[in-house]
Structures are given as C-alpha cells and as structure tokens.
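*Asks:* Numbering (the working numbering), first residue to last: 1 to 266.
These are calculated hints, taken from the structure and not from any lab test.
Among the clues, some could well be false.
[Claimed, not checked] Here are the computed lysine-lysine pairs in the DSSO-like style, where the Cα-Cα straight-line distance is at most 30 Å:
#, residue 1, residue 2
1, K85, K130
2, K241, K168
3, K168, K111
4, K85, K101
5, K148, K85
6, K168, K101
7, K30, K130
8, K171, K241
9, K241, K85
10, K30, K171
11, K111, K171
None of the values given here were measured: they were computed from a predicted structure.
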Amino acid sequence: MTGKMTGRAVFFDIDGTLWDNKNRIADSTKEAVRALRENGHLVFLCSGRSRSYIREPELLGMDFDGIIGGCGTMIEYRGETIFYKKLEPTLLEYTLRTVRKYGFRPILEGKEYLYMDEEEFGPDDPFGQKLRTELGGCLLSISGNWGKWEASKLACATESADRETCLKILKDEYDFMIHNDAVLEMIPKGYHKGTGIIHICDWLGIDTADTVAFGDSANDVGMLHTAGIGIAMGSGSDEAKEAADYVTAGLYEDGIWKACRHFGLI
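Sequences are here, hints too, so could you generate the full structure?
*Replies:* Quick look at the structure:
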C-alpha cells in the first residue's frame with residue numbers, strides 16, 4: 001500500500017504482540033510506535049491484563065496515549081481513568097465460591113491490585129511466581145481481603161476442574177476467554193477488547209473505521225473484528241489470524257514495523 005494514513009488510532013495487545021514471554025520488546029517495535037506518534041496517530045495499549053499488571057517501565061516509557069485494560073473493563077487516557085467496570089463484591093463472593101467448588105484456582109484482577117491466595121499458587125507454580133516477582137506489594141491475598149476487593153475480571157487455572165459445569169452456572173454473568181485446557185479468563189458479560197475500543201473512540205470522537213488493532217490470541221478476536229483494520233501477528237493463534245484482515249510477520253520478524261509500513265502508517 002502506498003501513501004500515508006493520517007490521524008488513526010492504533011491499538012496494541014501486549015503479550016505475544018508487543019513483547020514475548022520474557023517481556024522483551026523488539027527495537028523495530030519501539031521504532032514503529034515512535035514513528036506512529038510522530039506521524040500524528042494515537043497509540044494505545046489494549047490488553048487482557050488489568051491496569052495493575054501493566055507496570056513495566058520500558059513498556060510504559062514508549063509513551064502510549066492510553067490504556068485499555070482488563071479486556072475492555074478499564075480505560076485510561078493520558079493518565080486519567082475515564083471508565084472502570086468494577087465487579088460488585090457480592091458477585092465476586094458468589095463467583096469465588098462457585099469456581100472453587102468446581103476445582104478452579106482463581107486470581108482477581110483490578111485497577112490497583114491483583115488478588116491471589118498463596119496456598120493455591122505455591123512457590124513451584126510458574127505463574128504465581130511471575131506475579132509475585134512482577135507485582136510485589138500490588139499482589140494481595142483473596143482470603144485476607146475478603147469482600148474488600150476491587151476487580152473487573154478473573155483469570156483461573158483449571159487443570160483438574162469441572163469446567164463445563166462451572167461455566168454453565170456462571171454463563172449469565174460472564175463471558176469466557178478459553179486459552180487452553182489449563183487457563184481461562186472470566187470477563188463481565190458483554191465486555192471485550194473491542195468494546196473498549198468503541199468506548200474510547202466514542203469518548204474521543206473517532207470513527208472506529210479509522211482504527212487499527214494488532215493482536216495474537218483468542219482474547220484479541222473482539223478488537224480485531226472491531227477495528228477498521230485488524231492485524232494478526234504471524235506468530236499468533238489460528239483464532240486471531242482468522243479474525244484479522246491482514247496477517248503480518250511474527251513477533252521476532254519485525255511484524256509490527258512491517259505492517260505499519262504496509263498500510264502506510266509510518
């Protein structure tokens with residue numbers, strides 16, 4: 001594609017899109033984001049991570065204009081929170097009792113904190129250890145803060161759980177992002193990354209036709225469908241690629257830079 005697109009809003013998933021599983025960001029990706037801003041585009045993070053889990057200085061130092069976190073349940077623009085879908089404590093209590101009954105190990109995700117019980121994610125659990133290392137004092141216990149949580153979604157480990165029965169019980173309250181047999185996310189009914197894009201575009205007066213989204217996995221499908229141009233990483237999942245308008249090169253092959261050049265964004 002030739003010629004420059006101007007005045008777009010560009011949304012980036014984080015994990016598997018902007019960085020790899022060791023939080024490494026390619027130099028070409030950093031340069032692409034810098035060039036997008038220089039060319040007059042707005043750039044946003046659009047993540048399944050809640051805001052409390054988007055903390056890495058190198059990532060935030062790329063000067064994104066805003067953050068959509070928690071699969072569309074929290075929106076921040078230039079440091080100001082403009083939307084937050086906080087789950088009511090009574091619903092969370094019911095949800096926690098239900099998922100634990102069927103063998104789930106839950107993590108509550110909020111704007112300020114994540115909540116996890118140590119006995120469910122011990123020292124040998126890799127994800128529990130990752131959260132302890134990266135979050136420090138922003139990781140609190142579920143049981144020690146019973147009824148006092150602020151959260152907008154859940155992530156659950158489900159290796160030996162009765163998922164089918166549990167999800168049937170909770171289906172009227174949540175939508176489910178199933179990553180594999182061991183992990184799923186529970187998001188308030190009707191919310192996903194695409195609804196977050198619609199919300200911020202309405203707030204800023206931007207037509208969603210003038211948006212571009214980059215993603216790599218199942219929880220990116222909503223935003224890939226919503227954006228004017230949905231771009232999947234070549235290293236991403238089949239679900240993401242099927243939802244996208246365009247599949248770029250992989251994370252390690254300068255995929256973001258190449259797609260931005262292909263569409264005349266930079």
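*Asks:* So, for every hint listed, does it hold in this structure?
*Replies:* How the hints compare with the structure:
1. K85 <-> K130: At roughly 26 Å apart (the allowed maximum being 30 Å), K130 and K85 satisfy the hint.
2. K241 <-> K168: Holds - the C-alpha atoms of K168 and K241 are around 28 Å apart, at most 30 Å.
3. K168 <-> K111: OK: K168 and K111 at ~27 Å, within 30 Å.
4. K85 <-> K101: At roughly 26 Å apart (the allowed maximum being 30 Å), K101 and K85 satisfy the hint.
5. K148 <-> K85: holds, 16 Å
6. K168 <-> K101: holds, 14 Å
7. K30 <-> K130: Holds, at about 24 Å.
8. K171 <-> K241: Distance of about 26 Å is within 30 Å: holds.
9. K241 <-> K85: Holds, at roughly 29 Å.
10. K30 <-> K171: Distance ~39 Å between K30 and K171 Cα, so the pair is violated.
11. K111 <-> K171: Holds. K111 to K171 sits at ~24 Å (cutoff 30 Å).
Taken one by one, the earlier hints fail for this structure only at number 10.
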